[in-house]
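Undergrad: Here is what each chain is made of, one letter per residue.
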Amino acid sequence: MIEAQLLNGVALGSILALVALGLTIIFGLLGLVNFAHGAFFMVGAYAGWIVYTQTGSFVLGVATALVFAFIVGIVVERVLIRFYYKRPPEDQILVTFGLNIVLVETVRAIFGGKTQLVPSPSWGQGAVQIADFVYPQYRLEVVGIVALTLAVMWLILFKTRLGLIVRAGIDDALIVNILGINVNRTFMLVFALGVAVAGLSGIIDAPIVAVYPDMGTDILVQSFVVVVIGGVGSFAGAILGGIVAGEIVSVTTAFAPDYGQVMLYVAMALVLILRPQGLLGVEGRA
Amino acid sequence: MKLGPVGDRSGLWVEGAVALFLVLFPSIFAAIGAGTDLATRILILGLFGLGVDLIFGFTGLLSFGQAAFFGSGGFITAYLLIHNIVTNSLAALAIGTIAAAIFGAVIGALALRQVGVYFAMLTLAFGQLFYFLDISPLRNFTGSENGLPGVPKPTIPLGATTLDFSSSIGTYVFVAALYFIGFVVARRIVRSPFGAVLRAILENPQRAAAVGHRVPRYKLVVFTIAAAYGGLAGGLLGMFQGYMPPEAFSIDQSGEIIVMTVIGGSGTLIGPLVGAGVWIYLRQELQNIDAIAGIWKLILGLVFILLITGFRRGIVGGIMALARRWRREG
Amino acid sequence: MSAILETRDLTKAFGGLVAVDKVSLTVEPGTITALIGPNGAGKTTFFKMLSGEIPPTSGEIYFKEKDITRYDATRTAQLGIGKSYQITQIFPSLTVAENVMIPALAARRGEFKLDIFGSMGRVDGLEPLVERTIAAVGLADRAQFRAQDLAYGEKRRLEIGIALATEPELLLLDEPAAGMSPSETAETVALIKELRSTVTIVIVEHDMDVVFGLADRIMVLQDGATIALGAPEEIRANQRVREAYLGGLD
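Residue numbers (our numbering), protein chains in the order written: chain A, 1 to 286; chain B, 1 to 330; chain C, 1 to 250.
Looking at chain A on its own, in the form it has when it is part of the complex:
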């Protein structure tokens, strides 16, 4: 059913877009590729799931995921990440990769490796009639939640001082330093914000994919592909790349289920050959 798959693509794509947005903000301003980004996605999912199952309120779960991921982000940045801003990119990758292991294994140690199913919220249960087919209501709501989050992100990035610094810093990190802005605090907030968004994506995605310690790994790699396709350092690129990636996977799965995931990486290879800076990326931004 192609229409359902197209919608799946949007649902999946919007999650990917959100995760990729967090990734690209951190990379754009801090110059750091967060190989633990998927782990924050997972941490948010678990935090949200606990509160959701304890209180029955999905909204409370979502808020918890956001806040908890934010706090973990602050702690991690202060304790570890900030010592790496001046180190070579390979070291930054290695340490965030190590962080990924630590976060995933900590969660595994606490909760075990079992996959936990997460029921859709009460306002997201059931299916909706669209044209001549039925579609799970929650997936549509996911798109709505993501859109809302993106709107809030847009407000933060384009209407606040912090956002201005982020965007300026993405263009030219040196300028931000010279202008005497408190780089330390800004970096900390931006890192925490980026991973908080990942955590939010995690709980939102939980009713669809369930919750398990390794859930962040696939998302991590896929969000990398999204950033490559959409273009590094570009917010619109993260969103466009996410939707494109989501559609590629879903549509391919409809026609050739075996190749659904594979197609995504083929697309990445093509972008790389034909347009290395990505769809909306800025040339030479390396």
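Mixed in with the good hints there might be a few duds.
[Unchecked claim] Here are the simulated lysine-lysine pairs, DSS-like style, with alpha carbons at most 27 Å apart:
{"no.": "1", "chain 1": "B", "residue 1": "Lys2", "chain 2": "A", "residue 2": "Lys114"}
{"no.": "2", "chain 1": "B", "residue 1": "Lys2", "chain 2": "C", "residue 2": "Lys155"}
{"no.": "3", "chain 1": "C", "residue 1": "Lys193", "chain 2": "C", "residue 2": "Lys48"}
{"no.": "4", "chain 1": "C", "residue 1": "Lys193", "chain 2": "C", "residue 2": "Lys155"}
Simulated from the structure, these hints should not be mistaken for laboratory data.
Starting from the known structure of chain A, fit chains B and C onto it as the hints suggest.
TA: The following block gives chains B and C in isolation, referenced to the frame of chain A:
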């Protein structure tokens, strides 16, 4: 002025020491209560790590997708042997290794268009591509999530007789011999003029290009060589286990070999072997202690972070740095 | 005798900004040409086009009458143009001898050779090239030191040494005396004077003593364009040049 290899003042005693170690390894392990099989597994990963060290420790290319070659070589070798297409284990290994090298050249040609973090991200993605290819579309060849069981132990038919390495120590000897050859080859490479250029690329790739070296081609060649090492090691894994697992293609596998190389010390060639030894041995030992059995990986992950932060050179690297300082002050 | 280097209307534009504006220069072999001008005049960009690091927007570059306009840095180096950088670009963990060996390997082996099983001893002429280059820049007693452990002045000499070891016919020196004390600067000038017998030199410099002490010809750039080109005395007397430099020249 006599010009020796760049960045390497050691002599042939290193090869001799490694050979001696390989002979004594099973005995050492028996003495501490670990088995020959554990030693064999460590050597297989050490071989995999030789390739990783060449690209990362000597050239500065951080690839998170080396499992693609480990798995490819492994599955092709396993398939050939299981279905009796090839009966000579060495021939099957050779084919798997060459195939892995070809994949390395193709992926390298694409991924090396980028540098630094983009390169790392791309290798990660290509690694995943291979994983999904293994699980889904190629499942009829690869057994998907079940892998390929029934991989025969190493045997070399020689007409009248057949060399059989199926015993535990026999497999060890087979793997150790190939590891030694791999080690000697890697040593020759890093001590050659080609290897000197690799080190220049590690130190300052722009200047290396600016003085007249065709850097992208050097990168592609060493990346292909690393893929070959991965493919050979993968083939040996299948033989050793009698079974080729899909996890050989996983991100975990790609990450593990990087972790081993860094813990042991990148840029030392024996670093990955030491790192593999530490990782695999500790994994076994920690899992035997009830209290921490479930968190061995967490502990090793924390150790990894500590090492990168404060002790970047790893175990072997740290020892070599100490030795250099003693020599200077002595 | 034909020119070793010639640029014709060489131009580089970054979007709307014209960094180098139709610069034409001819360099005779065996000479020292200096490139001067206020900050932002386009000297570095011009140099980068000569060394192949950035592609020109328009115009041509000829080296020994060969069109090298589209050549990249690697090819340019192989052809015989060496460059030393304003900000030292050495191989930090390697020794001085190894630092010089790297470019020497490129000079003696070409841009790529699959000698993965070869040895240094079999690279034709490598040892003498490395030895005499190290001697030429006065670092013979530092040969086994790690490059990162050298003093600043020594690093700058190594910087020139790396460029020299590519066996260039044309040597581009980008502010070789940058950050140097007066005595170090004098040493650098002496070194450059010694080199002039073996290699043609084009030098970018801010230090006017260095420029007037060395140059056979001087080209003055301002806002990307040539405002004067000629012998040192002519440049000294040139009114436009005086105006370009606030405070004038001595």
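Undergrad: Could you run down the list of hints and mark each one as holding or not?
TA: Now the hints, each set against the structure:
no.: 1; hint: Lys2(B) x Lys114(A); result: violated (62 Å)
no.: 2; hint: Lys2(B) x Lys155(C); result: holds (22 Å)
no.: 3; hint: Lys193(C) x Lys48(C); result: holds (24 Å)
no.: 4; hint: Lys193(C) x Lys155(C); result: holds (19 Å)
Comparing the model with each numbered hint stated earlier shows that hint 1 is the single one that does not hold.
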